[in-house]
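Student: In terms of the working numbering, the sequence shown opens at residue 7 and continues consecutively.
In short, the hints are calculated from the structure, not lab data.
Result set (DSS-like, lysine-lysine): computed pairs, CA atoms no more than 30 angstroms apart in a straight line:
#, residue 1, residue 2
1, Lys-32, Lys-159
2, Lys-32, Lys-112
3, Lys-252, Lys-294
4, Lys-252, Lys-159
5, Lys-294, Lys-258
6, Lys-263, Lys-252
7, Lys-295, Lys-209
8, Lys-159, Lys-74
The calculated label-pair distances, taken between Cβ atoms and stated as ranges, are:
#, residue 1, residue 2, range
9, Gly-267, Thr-43, 41 to 47 angstroms
10, Glu-288, Asp-169, 55 to 61 angstroms
11, Asp-49, Val-157, 21 to 27 angstroms
12, Pro-229, Asp-149, 32 to 38 angstroms
13, Ser-86, Gly-212, 40 to 46 angstroms
14, Thr-43, Asp-101, 21 to 27 angstroms
15, Ser-322, Gln-151, 52 to 58 angstroms
For clarity, every value in this text was computed on a predicted model and none was experimentally measured. Where is the CB? At the ideal position from N, CA and C, for every residue including glycine.
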Amino acid sequence: MGIKQLPFLIIWFSSILCHVTGFSPKDSFLVDCGSPTNTTIGDRVFQPDTSNSIRRLFQPHTQLSTAKHILASTNSSIDSATYGAPLFQTARIFDGTSSYTFKILKSCRHWIRLYFFPFTFESYDMSTAKFSVTTQEFLLLRDFQLENGSVVKEFSVSVTSGDPTIQFTPARNSFAFLNALEVVSVPDDLITDDARNVSPGNKYQGLTKQALQTVWRVNMGGPEVSPPNDTLSRTWVPDQEFLVNKDSASKKTGTVKYVDGGPSPDIAPELVYGSCREMISEGDPNVKKNVTWDFDVDPGFQYLVRFHFCDIVSLSANQLMFNVYINAWEAYHNLDFDTLGAPVYIDVFTEQSESSKMSIHIGPSTDASDTYPNAILNGLEIMKMNDFANSTSGGSPFVASSIRCSCLSVLYMALLFVLQFV
7 MGIKQLPFLI IWFSSILCHV TGFSPKDSFL VDCGSPTNTT IGDRVFQPDT SNSIRRLFQP
67 HTQLSTAKHI LASTNSSIDS ATYGAPLFQT ARIFDGTSSY TFKILKSCRH WIRLYFFPFT
127 FESYDMSTAK FSVTTQEFLL LRDFQLENGS VVKEFSVSVT SGDPTIQFTP ARNSFAFLNA
187 LEVVSVPDDL ITDDARNVSP GNKYQGLTKQ ALQTVWRVNM GGPEVSPPND TLSRTWVPDQ
247 EFLVNKDSAS KKTGTVKYVD GGPSPDIAPE LVYGSCREMI SEGDPNVKKN VTWDFDVDPG
307 FQYLVRFHFC DIVSLSANQL MFNVYINAWE AYHNLDFDTL GAPVYIDVFT EQSESSKMSI
367 HIGPSTDASD TYPNAILNGL EIMKMNDFAN STSGGSPFVA SSIRCSCLSV LYMALLFVLQ
427 FV
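Make a model of the complete structure from these sequences and hints.
Tutor: Laid out in structure tokens, this is it:
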């Protein structure tokens with residue numbers, strides 16, 4: 007079927023009440039910026055980056071380069087249900103270009119997670135801060151501003167040589183800030199080099215060199231999955247707000263069987279593969295409709311879309327056959343499954359689009375004459391790829407403009423070619 011097959015890495019036991027065990031990263035830098043002491047979140051310990059402790063705790067593994075040490079703290083309340091809530095109570099403020107450098111043990115893809123929560127400290131109102139963030143040759147955030155609320159920006163970047171440096175550059179007459187930071191290595195097989203292409207007959211290669219920003223990570227038909235219940239400390243949000251027609255699909259749960267040669271829990275946890283949205287066919291064997299989710303995305307970028315499937319609804323194998331779409335493109339035709347309860351995933355590359363919406367559809371196959379019309383989706387990840395300028399930052403009008411200019415250039419050259427024969 008062309009579906010990704012991976013070596014079985016671990017035996018996994020999940021519980022909503024305890025932290026899962028699994029992948030042990032070679033590099034794991036967890037930093038609570040501006041904090042005077044360690045901060046424990048579940049079984050993860052975030053170390054302070056204060057000037058008194060940096061030499062004792064970090065060096066020679068982490069170095070902070072900044073002109074001034076401005077350490078901020080607040081008593082502002084943040085929802086205690088927010089993962090890592092204590093991390094947002096302190097921050098480090100940068101009034102000039104500053105950077106963290108990490109001495110890594112393994113050259114591979116690494117998570118970079120940046121925690122932000124703006125509050126006012128002395129004369130610094132962080133809701134007015136405006137700054138950019140870079141690492142290696144990649145621009146992660148351009149002129150970033152956050153007026154209120156907390157957010158974690160997640161990226162994954164391949165580190166092939168040297169030690170990664172994360173640099174914060176304030177805009178003119180502004181400053182930068184950061185509440186917490188993660189730099190953690192990921193499994194080698196989490197992101198492979200190739201993906202299906204929505205353009206027929208093509209295959210995309212070169213993913214391992216791309217910087218990726220997690221835009222959406224969604225658990226279809228299931229609850230929110232917090233970092234303690236994911237082997238890679240990821241967050242999965244429920245799909246309810248993205249589902250276009252709430253009456254088009256129902257929630258289902260079932261038993262998951264991780265098998266040799268298939269994805270491990272490092273790809274997605276049991277809480278994701280064990281729930282799904284199933285198309286409601288209303289007992290009509292001739293029904294022809296799609297289940298649709300709509301997502302906000304930045305225009306002008308290419309995206310890696312990862313679909314997670316696990317047949318937890320059929321009574322026997324090969325009872326499902328359906329199609330998968332991204333916008334108007336067919337991403338997979340006649341998808342079916344050989345083993346009940348066995349997780350699979352599909353990576354699909356999408357070309358640049360000027361639309362700020364991405365629609366995901368699943369619907370029954372017209373070729374499925376011997377099966378009842380049905381379709382499922384268990385989980386979804388939408389990852390933005392760096393553009394030609396090595397940027398993952400949105401709001402870049404020159405990207406869309408360059409697409410239009412390129413098209414006009416092609417038309418112009420074609421016209422000149424035709425005129426030669428007139």
